[in-house]
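First to last, the sequence lines map onto chains V and Y. The first sequence begins at 0 in numbering that gives the first Met the number 0 and counts up one residue at a time. The second sequence begins at 0 in numbering that gives the first Met the number 0 and counts up one residue at a time.
Among the hints, erroneous ones may be present.
[Claimed, not checked] Quick partial rundown of chain Y residues pointing at chain V, CB under 7 Å, derived from the structure:
(1) A52
(2) G53
(3) L54
(4) K77
(5) F101
(6) G104
(7) L105
(8) G107
(9) Q114
Think of the hints as simulated: they come from the structure by calculation, not from any bench. C-beta: ideal position from N, C-alpha, C; glycine also.
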Amino acid sequence: MSSAAALGWFARHEIRLAWREWLAMMTAGRRLRMRRAIAGLIVFAAIMHLPAYAVVGRFANLEAPLDKSALIVITSTILLAWALMLSQAIESVTRVFYARADLDLIMSSPVALANVFSVRIAAIAFTVTAMALVLSTPFVDVLVIGGGIRWFAAYGVVVAIGLSAAAVAIAIAITLFRLIGPSRTRLVSQILAAIIGAGFVIALQIAAIMSYGTLSRFAVLTSDAAAAYAPGLDSIVWWPARATLGDNEALLLLLSGGLVLLGAVMAIFSPRFADTAVSVTANAAPAHRGHRAKAFRAGSRQQALRWKEFLLLRRDPWLVSQTLMQLLYLVPPALMLWRSFAGSSAAIVLITPVVVMAAGQLAGGLAWLTISGEDAADLVTTAPLPSSQVTRAKIEVVLIAIGVLFAPLVVALAFASLPQAAITALGVAIASASATAIQLWFRVQARRSQFRRRQTSSRLATFAEAFSSIGWAGTAALALAIPIAAVISGLLTAGILAATWKISPQRA
Amino acid sequence: MNPAESALQVRGLTKRFDRLAVDALDLTVRRGEFYALLGPNGAGKTTTLRMVAGLLRPDAGSVSVLGIDALGDPVAAKQITAWVSDEPMIYDKLTPLEYLEFVAGLWGIDPEVSQASAHSLLVSLGLEPHLHERCEGFSKGMRQKVALAGALVHDPRLIILDEPLTGLDAVSARHVKGLLQERVRSGCTVIMTTHILEVAERMADRIGVIAAGRLIAEGTLAELRQQNGQNDTSLEDMFIALVDVEAAA
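Here chain Y stands alone, though its shape is the one from the complex (with noise of 0.2 Å):
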């Protein structure tokens, strides 16, 4: 595929650590699709994903968003970019609203159109109550509500997701999962991270599996069983013999 046709194309994508965390990877993700990225601890899921983002700097290979070479203009990627951990990074001292507005002020996004999107984007994840408290006292599930409005308050084309329902209750986890669906019916492309393989099975339009920094298997739901010879099984088991097979050989 074409890099312009595709949302992420990832060639040849290296990093090491202390080992070798990604080891040639190539990735590519379709324009306007939710992509699960699944793997076990330590396969390089969140290097991967942090390299994407511009947060590392590979030892070797080419990163394209949207058809821009992430690694040459990497100021024009982080534009159509949005980045979210699993551990949500926010100011103590500001409030979700001011919070917003900061990060709305650094992507350069019109204050007028920012803050009718911050707004509705807090309320629609339940933190209307909260919206002119300080951060410092919420919790861990409010703080990655926050992250997240954050992440989507300057109307990315690119949403990358490490982990992010982890600490969310059963209502909000679902209110983020409706935020995403209706962001990639909209066009926008979400690349996630989980270890809750039932949002991979439900959500995803296509699954990607990496262990040991390698892309061991990729495909929808129905292709992986195909794959796997197994028509009726769990996403969970085909990933357990799927990890188990890697680590074996």
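Isolated chain V, as found in the complex (with noise of 0.2 Å):
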């Protein structure tokens, strides 16, 4: 086989098993669902040109050329997609070099390595492309239907900046690999995914809250000091915007940048990214000590359980990395709050839906790490307890860490106004149990280190918590604003729970 025929198959074989981790991760691994994940996937990209009308209809009559604050709200907004396949890059190239089970068959292999690996670097440049224009799809269709088909342009800028997000995140993965070695990277790498996918909208909220004491972001963007601080109107930094409704010279610019970016990056990394596989088989995992001659603990059984659960989420930082986006989004309302102290403000109120439903997610992968996510399965099972024993200290430890978590915010609302902080505390409460009872009707047996893929064991499962905290957030919102609407907002959440566990695998 030639070296152009060869590189030829391996892209094949690249993109067979990037479709093929696609479809197992929108079937959960059921062959006999692909036809209902299709189906459900044309069904939910049509619905999601609701909220992409309601997000991006009023601007599709924009023309060029536009004022400083349009170009400042387009130019963050691609700003925002590009760290957001960043983050998404990132995860990706992590996972090639520690997941991926063909490294050894690949470098034993008789082929030259550099090319085998330049075709991996474009299979990510394509995997992050592919998806983020699946994802823009609704948005520039919105756009072309209500301004015409120069926005089909906005296409191009999708294709540019995932050449560009997939480019920088390989120099990352790999410049940190020579920094700080192998078995730091994973963990530097997924923590820095999770904090550039969240950061920039945070940011944003923290700089509108800091000066406008609002949650929108918008606010800081549309400022005149925003305006006052930006470049000029001929400046480079306007091409994205300007490529996006239509400027053909800017997007030609903008995708060659792009190209040439994923191409120096294949050319300079290529030929290191065997050694970093090297590296990183090597060094698989670092020898952590713990400390010594400390004496067992005397306790119940569940103790011994609680104990086990939480020294491995202590333990695990990968996991908190994962769990850390709920986190980072508290830290807006957090910062509100304290403004609140300065000068009461309304807009106080919009931190309790904003906690519950941190508290709902939280709690669904709490739940489903102490649930799911056993590692020792089988010791479990044999020990002499009850699983109903096993059940509940798994549920404890959810709402200790929930609670823990939590509660500060609370008490410093209450400070604020007692009836938020109980229907703050309520909500968190209920939205914690719901997202832990969906986790226990559709537990399924798992690793730990599978926590990234839950979502695929269940599709329903997933949306069914996303729902109820949705569903508890806006009730706890509602019972601070009009309190009988609040009542059709629990009604309505608590039958969609009803119906969840009505369908849910325990029940059957």
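Bring the two chains, given one by one in their own frames, into a single complex with the hints.
Quick look at the structure:
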């Protein structure tokens, strides 16, 4: 086989793997579900046009030349999309190094490794860009329908930023390998991915709160201060925004820039990819040494279970980083709370739904870890205690963790408004209990390291968990503003929970 | 034999997945016996032992562990039973000592007793240099030793092992075998599945051969030879002959 044919063959292999991974993610590994998954995806994409219309519909008639405020908003949105793609690309690169089982096979084969890894880098860029294109489709569709075909250029911008995000992610990952070694790179890069993913929005919200006392990021972006600090209208900074609006010259330059960046990264880093992969294998797990000569603890069997769960959570910064997103979103409301002491603001009401939503999502993740993510399932099942006690101990761990994390916020809220603190506490408790119950109904045995894939085991559980958290967050917000509406919202959310229970495997 | 006199008594044990995995199996293991359960892949060995250990619910039949009805009172049966699978399932983020502390806590063992026992077990399995290291960097053999130590730390009366020597080097395998024989000498009962027939030949008091979910032969090595009418044949030859006959039937 010629070198070019080998590369083509390997590219097909990579695309097939990526396709099957995606398919497995969508169908939870069950072939029979493929049709349903595709049908569900089409319905989902169609439904996504509604929120897309709500978000970007009013911008469809925007025409060049734009004023600075509009340019800032569009550029920031593109920057946010780029940050999210970068976050996803860092995850992909790390996964390729640490989780792909075929590295030994590839590296022991008689092929030119630099070429093979170039294909792999290109595959990462392709996957990241393809996913971004899929997600951006409803938004671009809305703009095209409302404002004409010039908005098709937005797809080009998505491709350009996808390519550049993948290139930067690869450069970051391999540089981290060189600087801090393979054992720390996994953790640092995954935390970095989480922070980059959420950081941009949160930073804008923090800026908005500090300056204007609102959670809206548009307050900062459309402010005079932002316009004053922004570069001139002919600056290169606005090229992405111009390209999105249909400026072909800017689009061409942007696409060329993305391709050149990716090509440079492939040329520089492909030859080193093999060395990096080897060092990952050679340093797969660092030897952590614990404290010496600690006496065994006395206590009940449930206490032993709780101790184990807390210790495992504490010792797994990777899992902590995976749940970091939810906690990061708490920073802006906490800041707003702090500011509200200086001057009373009606915006403080917004804290309650954010906190309740975060509690529900966090409880869902923790409940999966403790209930489904049991690495020594046989041991726990053969232990001499009823399974109900094992489950109870695990639920207690989730609720204690949520209590410890959210109690300070609720206590601080009590100083600002006692009724709001009470409603928030109740919302946190109900949202956490609901998310935990859903995880219990849809429990599947898995390893903790599969945490990122927990959504794939049951799409239904994932959606139910999200709707439950949103429902309780909305109910809590309504309880503060229109109590009678809160009753209706609460009943609807309880109805969702009841329906979820009715169709859950635990009940069947 | 009265169930109370045997370490394990299984009657009519049945389990069906897509096909019949265990077919109305009867099995009795005496107290203080080292019993090897042999069989080809997919014969139903692991399924049988998982039902005995309380990891699977049988479709039919009864299981008695040292006179305790394991299906009626699983907690009491589990208190005196240990299970070790071929795939060591331990916590990567715990050290071997912490893992054993957790196991002892689950079985409600006095911490003073379990701490001394845990230390001595890990040392005897050659894990002393790694007592305070997290298990995430351990080889499969080391993980298997940690899992085995976990199974023994609560001093079980019945130890069930599914391919416990998989992945162990020769020295470690000898350690494990020595440890198990020591337990048998102290009155404990060991039931073990293995594909290493020499191990069964050398260590087991009695051997059971299972195929298609049914016990097709059972006895001491001498009894099995007698049953087959071949006095100086190896266990391997006998096993292959038995399984071939069963497959042909």
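Outcome of the hint check:
Look at Y/A52: its Cβ gets to within about 5 Å of chain V, closer than 7 Å, so that hint holds up. Nearest Cβ of chain V to the Cβ of Y/G53: about 6 Å, under the 7 Å cut. The hint holds. Nearest Cβ of chain V to the Cβ of Y/L54: about 5 Å, under the 7 Å cut. The hint holds. The restraint placing Y/K77 at the interface with chain V holds, with a minimum CB-CB distance near 4 Å, inside the 7 Å limit.
Taking 7 Å as the C-beta contact cut-off toward chain V, the hint placing Y/F101 at the interface holds, the least distance being around 5 Å. For Y/G104, the interface hint holds, since its Cβ comes within 7 Å of a Cβ in chain V; the closest pair sits about 3 Å apart. With its C-beta approaching chain V no nearer than about 4 Å, Y/L105 sits inside the 7 Å limit, and its interface hint holds. Nearest Cβ of chain V to the Cβ of Y/G107: about 6 Å, under the 7 Å cut. The hint holds.
The beta carbon of Y/Q114 is positioned within 7 Å of a beta carbon in chain V (closest approach about 4 Å), and the interface hint is therefore held.
Every hint from the earlier list agrees with this structure, and none is contradicted.
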